[in-house]
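A.B. asks: Given next are the chains, with one letter for each unit.
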Amino acid sequence: MGPKSILKSPAVPSDAVDARKPPVNEQHLQVALQHANIIQDQKNVEQEILNATLELLEFPPDSKADPARPSPSDAHKFKTLVMPFQPNDYDALIEERNCADLCGYALCPRPRKKVPSASKLHFVDSRDRGVQIVPKKVLEVWCSDDCARRALYVKVQLNEEPAWMRRTGGGHEIEVLVENAETLEFALPLRLKSKKEVQQGELKDGDGEDIAAAWALADEALAELSQERGDKDSNIRTELIKAKIEERTNFKTPSAPSAETTASSAHMAIEGHIPRTDAKKTKDVDDDDDENDWDD
Amino acid sequence: MDSDRSNSAAMIRMWRIYRTAKEMCMDRGYQMLEEDINISLSEFVDRFGKEGELEPDRSRMGFSAKPTEAMLIKYTDPPTPKVPNPQPQIGEIWIDFSGDENVGLKQLRDFMQHLVSTSYYSGILVTPKPITGMALRLLRGSTQFEDGPRGGVETFEEQHLLVNITKHELVPKHVLLSKEEKAQLLERYRLKETQLPRIQVTDPVAKYLGLRRGQVVKIIRRSETAGRYASYRWAI
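These protein sequences, in sequence, are chains A and B. In my numbering, each residue carries its 1-based index in the first sequence increased by 830. In my numbering, each residue carries its 1-based index in the second sequence increased by 1.
Just chain B, same shape as in the assembly:
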């Protein structure tokens, strides 16, 4: 019976998605437990499996994560005379796995209200199918949307989290720069930020790292001639 459940395709699928979601949070800089990330399939089935069903219970899979000290510093603007004690632009995140087949405006709004009522800074909604067009439109305007959480809401399709794309050998390492590091970079190369190469925020790796407009990532590739080669991209 138990082996039957753990071998079901749906269970293995959700296990992989869960692990990728956890890894994503760790790569973004949230506090994560090592044992949570390396959760084994049988343990996953024990925790989230439903009696007599092949699908895991998605409503119990949601988790929250707190940013680490390093992340807080990275997301804090350098102090200015006007704002001597800037607040970090990041906070606790809530990751939810939607049990509904189709996610539309209603579900998204419920999710936003849940985030606001529990005072999370931002949220990620993982959906089985792509969300509807209207919901996307709501999401696009949600930075000014008064009901939404401060840090905004991201959505991921389940199938996009099946594999951790950053572990692919052709995906170079992306490192987010803080405001201060960005200023140093621009000073060092005497650039304006508009003169940097760009990366779209809809880019898969940018989505994975949750890049916001205006942030700069350092991309470190292996190079045959130079050993390491760093380039920079301005998220747009």
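Only chain A is shown next, with the shape it has when bound in the complex:
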């Protein structure tokens, strides 16, 4: 066969290419799609966070809402919106709310505290840490210390991992610091101990049924959620590496190394490797060269 041309071969039968290429392309396509999906997912999450921030900027809808006892619907909405946040996104939200002259805690409708003096630094006398010098900006973030506590209570629960890398999808449930514990549970009534109690009629029949129905609904929702987290994988998670194990079947029984093959050329070995040389051919060439050299 002649020297291989560096130019593209002009006429390759098309069906031959088709037959050979797809497996290669398939792999490439999979890899490309995987990465494209990751980037797209990242963008989607960022957009989602931005939209959530925009919404939380004008939160809560009711201007008389009490941050200590948020209405269950507000609290629920806040929790779901804040779920994909990372702590620094949450910081950004607080900053945005401050820009809009609101308390940093998203469930608080009050304006932020204004320090009367114009100086940049302030003395703050706290009991446990003594007198500290604090920048004015830090003092003006919240409407009160309680709101600061509530907001930071949410912040420490946020997942540091970006939402698109989280295995469980959105993230885990976030709790809101609430004064009365009942509202914490989405205003769900106390769970009945067992069916027996209902039958025994400790409670009024109608009440018992209502409570049971409410809890059944909640359980259903939770089950759905867990299923979503466990089973329903987004297309990103599709594994490129197959977990199927294939056994290699055609084993040869190993044979002991024979001394003859190695012994003859053992002295030629370079770190265990014996270079293969076509001894006769090289000798001929050498001879020719030598003769020519001597002639000259």
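Just so you know, these hints were derived from the structure itself, not from any lab. It cannot be assumed that every hint is accurate.
Capping the alpha-carbon separation at 25 Å, the derived lysine to aspartate or glutamate pairs in DMTMM-like fashion look like this [stated by the list, open to error]: (1) A:Lys943 <-> B:Asp101; (2) A:Lys1082 <-> B:Glu159; (3) A:Lys944 <-> B:Glu155; (4) A:Lys967 <-> B:Asp101; (5) A:Lys966 <-> B:Glu159; (6) A:Lys950 <-> B:Asp101; (7) A:Lys950 <-> B:Glu158; (8) A:Lys967 <-> B:Asp78; (9) A:Lys950 <-> B:Glu102; (10) B:Lys130 <-> A:Glu888; (11) A:Lys967 <-> B:Glu159; (12) A:Lys950 <-> B:Glu155; (13) A:Lys966 <-> B:Glu158; (14) A:Lys873 <-> B:Glu155; (15) A:Lys967 <-> B:Glu102.
As the structure is a prediction and not an experimental result, all values here were calculated from the model.
Based on these hints, arrange chain B on the given structure of chain A.
C.D. replies: Okay, now just chain B, sitting in the frame of chain A:
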């Protein structure tokens, strides 16, 4: 009293920023009045000073500018069989000076809504401090942002407009090429646009000229051996 006001540092600062903003609009190709650009400090104080205050009234400083004929032509795509009468990709611009200390999502969104409601093509917001991270994120997506104006929104910090950077002796002249000129350039040198050297749209001069992705600028430098030396950059 009056001399007191005109000598205040804040007033002089805003006067310089105002002038640079005007010069920027002229360099981009908007219609500008010569006397507006060379506004003197005392005149500036008269127009925008507040009674009894050292700071000028930023809310009154906003101005609009219409593109010149040359600019309209430059921003119009060459006609194609599909689009025989292309519309220019530029329009009236509104420059606003934000009075708020901190500019966040809320202020930016208000500004965008203002631009849309008054049907300006694009806008520039000049802020005293850098805008927040979330606002930047909104801005990045604002080309597809349905609420924003068609031509997008740019933001400048006040301190970046204190000095007109293009007047510095080490900054060469940047000239924006139209689509047609760009096509000619690529034809002349037998290039694809990806083979051109690049300039980031976040580059200070690119920001000053309001370059968009894909546009090409001609950079003309003085050269000791050749007299003038032109190079081209593809905005990215």
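A.B. asks: What are the numbers of the hints that this structure violates, sorted from low to high?
C.D. replies: Checked against the structure, the hints that fail are numbers 2, 3, 8 and 12, while the rest are satisfied.
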